[in-house]
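Using the sequences and the hints given, assemble the complete structure.
2 protein chains.
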Amino acid sequence: MPLKSIILIGAGNVAHHLGPQFQKSGLEILQVFSRKITKARRLAKTLKSEAINDLSKLSSSADLYVLAVHDGAIPLVAQQLPKEVREKKLVVHTSGATPSTVFKSICKRYGIFYPLQTFSIKRKVDFSSIPICTHANRKSDRQALQVLGQQLSNSSFEINDAQRAILHVAAVFVNNFSNHLFSIGAELCEKEQIPFQLLLPLILETATKVQKHPPAKMQTGPALRGDLTTLNKHLDYLQRYPEYEKLYRQLSKNINPKLPL
Amino acid sequence: MPLKSIILIGAGNVAHHLGPQFQKSGLEILQVFSRKITKARRLAKTLKSEAINDLSKLSSSADLYVLAVHDGAIPLVAQQLPKEVREKKLVVHTSGATPSTVFKSICKRYGIFYPLQTFSIKRKVDFSSIPICTHANRKSDRQALQVLGQQLSNSSFEINDAQRAILHVAAVFVNNFSNHLFSIGAELCEKEQIPFQLLLPLILETATKVQKHPPAKMQTGPALRGDLTTLNKHLDYLQRYPEYEKLYRQLSKNINPKLPL
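Protein sequences, first through last, are from chains A and B.
Per the working numbering, the very first residue in the first sequence carries number 1; after that it's consecutive.
Per the working numbering, the very first residue in the second sequence carries number 1; after that it's consecutive.
Simulated from the structure, these hints should not be mistaken for lab results.
Note that CB positions come from ideal geometry on N, CA and C, so glycine has one too.
Just to be clear, a hint being listed does not mean it is correct.
A few chain B positions that, by computed beta-carbon distances, are all more than 10 Å from chain A [unchecked claim]:
1. Gln79
2. Val174
3. Lys258
4. Pro260
Calculated cross-link-like contacts (lysine-lysine; reagent style BS3-like; alpha-carbon spacing at most 25 Å) [unchecked claim]:
5. Lys233/A <-> Lys104/B
6. Lys212/B <-> Lys122/A
7. Lys246/B <-> Lys246/A
8. Lys124/A <-> Lys212/B
9. Lys217/B <-> Lys124/A
10. Lys217/B <-> Lys122/A
11. Lys246/A <-> Lys258/B
12. Lys104/A <-> Lys233/B
13. Lys233/B <-> Lys191/A
In structure tokens form, the structure reads like this:
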């Protein structure tokens, strides 16, 4: 049975991006819950939905309950869902870091609807290219979530808890950590009055290259070449930033374990 | 005086990208040198130029001599340039890692023409968006190289040796090191039979975000949030990859120095 109506629990970044996509795909958003009624109202308005800030007012008539709240709040909110919802309705969260089994002793039908992307309220993203990772404890719900994922995106994957946990580790490396490296680049430039914009095309090309080629095959640079002259120059310069020097040394050794660093 | 004719010394990646751009901008490529005549011929053919593999056959009549060779070869090649070239002509290299002063005791007029991008022979790049960093020991040559840079690209910068050295360190962080993080992501996925393509939109979005926003302000993730539950889960999982565990710990601490890791 296709999922036709949704209640959004949470009105943050993820809910702000998911809500309009659900609506575009023809689903009805019955209610939007947030502890802060102004936040609930802001999102509910764009979705032509009802805003609530009291979980006891939650309707039991939706097909799907989407918890787009922070990881720590998932079990607390789930426990406060009306009994009828917990016993009869499909309840999912949108987190990459929390297993679906967080719901195990709370809800009968539970799962995951995890859009693998980094969201900012301000930036629009092309949702059709965002991979959706779904999972559910029941087979019929797994199928329904896959159908829903395919309505929102060109790539929807059934990913179990163990795989998703690892996917999340990998996402931290490619997103959070690479963004941190971009920050280091920006900081080094700024300290020396070099415009960071000089590095922006390089950043974009590095990310674009790996869209079609395995990153391991795209590796370049002094560490890979074993170019000790350059490496030592860089390490000398980085002495004024001990943390970055340590990082430079370690990343270079990871890239080329033969380096005598 | 604008530079009108060029001799390309080297027929690798950088020469293959620069050559056609020089030509598009109306410059004549008089000769292409490579130790391997087949390589010289391949590039010379597309540039309708002469291929040579003997530096003694180098013409002295070009306005600019571009050494697009690897860092270690720059002084060796420079020393073998004909005396007339070394005494009268402008000689530049295309490296981000080598100071212009590598030419100091060899050539009278020397400088840098460094396109700040990562090149693969196979991939075409939009040259107009590539920053060109130029420098020269003489003021008139600095101006001529800036004019040439502006003919090839929308962003051409006069960058001195000290600044360029730091820019190169920053480039290693944002390009070589972030590509390595992408490799780690790919490896973790592969080991667990998760399609790496799931992470590709995230990689592209991370790089796209920083085109308009400072990366430090775009930082997200468990380290920044101080989410120890997630961090410890990730570190537990990474115990099977001691190098990646170490890297995860260090990058997380860099992002959030207050973390008790």
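Item to check | Holds or violated: Lys217/B to Lys122/A, with C-alpha atoms at most 25 Å apart | outcome: Measuring from Cα to Cα gives roughly 13 Å; hence the hint holds.
Next on the checklist: Given the hinted pair Lys233/A and Lys104/B, is their Cα-Cα distance within 25 Å?
Outcome noted: Satisfied, since the Cα-Cα distance of roughly 19 Å is no more than 25 Å.
Checklist entry - Given the hinted pair Lys212/B and Lys122/A, is their alpha-carbon gap at most 25 Å? => result With Cα atoms ~12 Å apart, Lys212/B and Lys122/A stay inside 25 Å; holds.
Next on the checklist: Lys233/B and Lys191/A were given as a pair; does the straight-line alpha-carbon distance stay at or below 25 Å?
Outcome noted: 36 Å, violated
Checklist entry - Going by Cβ atoms, does Lys258/B stay more than 10 Å from chain A at every point? => result Holds, since 14 Å exceeds 10 Å.
Checklist entry - Holds or violated: are the alpha carbons of Lys104/A and Lys233/B at most 25 Å from each other? => result 19 Å, holds
Next on the checklist: For a C-alpha distance cap of 25 Å, please report whether Lys217/B and Lys124/A respect it.
Outcome noted: The hint holds at about 17 Å.
Next on the checklist: Against the 25 Å threshold, does the CA-CA distance of Lys246/A and Lys258/B hold or violate the hint?
Outcome noted: 18 Å, holds
Next on the checklist: Between the alpha carbons of Lys246/B and Lys246/A, is the straight-line distance 25 Å or under?
Outcome noted: 11 Å, holds
Checklist entry - Does the alpha-carbon distance linking Lys124/A and Lys212/B stay inside the 25 Å limit? => result 13 Å, holds
Checklist entry - Is the nearest Cβ of chain A still more than 10 Å from the Cβ of Gln79/B? => result 18 Å, holds
Checklist entry - Hey, does Pro260/B actually stay past 10 Å from chain A on C-beta? => result About 17 Å separates Pro260/B from the closest Cβ of chain A, which puts it past 10 Å; holds.
The structure is inconsistent with the numbered hints 2 and 13, although it conforms to all the rest.
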